[in-house]
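Peer 1: Below are the chains, spelled out letter by letter.
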Amino acid sequence: SAVISQKPSRDICQRGTSLTIQCQVDSQVTMMFWYRQQPGQSLTLIATANQGSEATYESGFVIDKFPISRPNLTFSTLTVSNMSPEDSSIYLCSVEKQTLAKNIQYFGAGTRLSVL
Amino acid sequence: QQQVKQSPQSLIVQKGGISIINCAYENTAFDYFPWYQQFPGKGPALLIAIRPDVSEKKEGRFTISFNKSAKQFSLHIMDSQPGDSATYFCAASISLGRGSTLGRLYFGRGTQLTVWP
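Chain order of the listed sequences is A and B.
Add 218 to the 1-based position in the first sequence for the working numbering, that's all there is to it.
Add 4 to the 1-based position in the second sequence for the working numbering, that's all there is to it.
There's no promise every hint is true.
If the Cβ cut is set under 10 angstroms, some of the chain B residues that face chain A in the computed set are [said to hold, decoys possible]:
| no. | residue |
| --- | --- |
| 1 | 64 |
| 2 | 87 |
| 3 | 97 |
| 4 | 107 |
| 5 | 110 |
Don't read these hints as lab results, they were simulated from the structure.
Each residue gets a CB set at the ideal place from its N, CA and C atoms; glycine is no exception.
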């Protein structure tokens, strides 16, 4: 399995500021993903972050708004820039690991962000 | 558009009853169909998954039924317990085959299950 630690677990931020969310995994993984989950809604993929390459963003998400770093195989950060109340959401880090010839995607507990 | 459609949005079941959640998809390239369980304040956790080469997979009280021709799959929770109360998400992805990367997951909107004691 994979143990994923996300920091912070929650934050309340002012409009126009930025927040960086950290994701630490207990083992090396190639593929990491960042999702957004709005209250009572599904999970929407923001971007895929593979070590050694630029993050790949999904339609509707841009690097200027959600810059991602992936400095090594156990760590990634997602920054939510120039925040507005519409960015209030839960942000989830996910990793894919191969276990007993099966690939599984694991999720962190998420960062609950409220923007005032 | 929503790649995976899930219903119902909410479900209330008596303890000991059967909970059934349904999902449908359009993209025939999907070849991996997991179900995730999420408790409040926690991230989703993989519950059970199926590939389209089988029509049913059972793990304990949880069963996935898969209908390839109808492009539908469902989760059945037998003998539902209050501890099963959570939000359940179906998902689908296009992988490169067993043992290969799963790729991005497309999630349904979720079903909030409440099991009354």
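Peer 1: With reference to the structure, classify each hint as holding or not holding.
Peer 2: So, going through the hints one by one against the coordinates:
1. Taking 10 angstroms as the C-beta cut-off, the interface hint given for residue 64 (chain B) is violated, the closest approach to chain A being about 17 angstroms.
2. The interface hint given for residue 87 (chain B) is broken, as the beta carbon of that residue sits about 19 angstroms from the closest beta carbon of chain A, more than 10 angstroms.
3. The beta carbon of residue 97 (chain B) comes within 9 angstroms of a beta carbon in chain A, closer than 10 angstroms, and the hint placing it at the interface holds.
4. Of the supplied interface hints, the one on residue 107 (chain B) holds, with its beta-carbon coming within about 9 angstroms of a beta-carbon of chain A, less than 10 angstroms.
5. Evaluation of the residue 110 (chain B) hint against chain A yields a held restraint, the C-beta minimum of about 8 angstroms falling below 10 angstroms.
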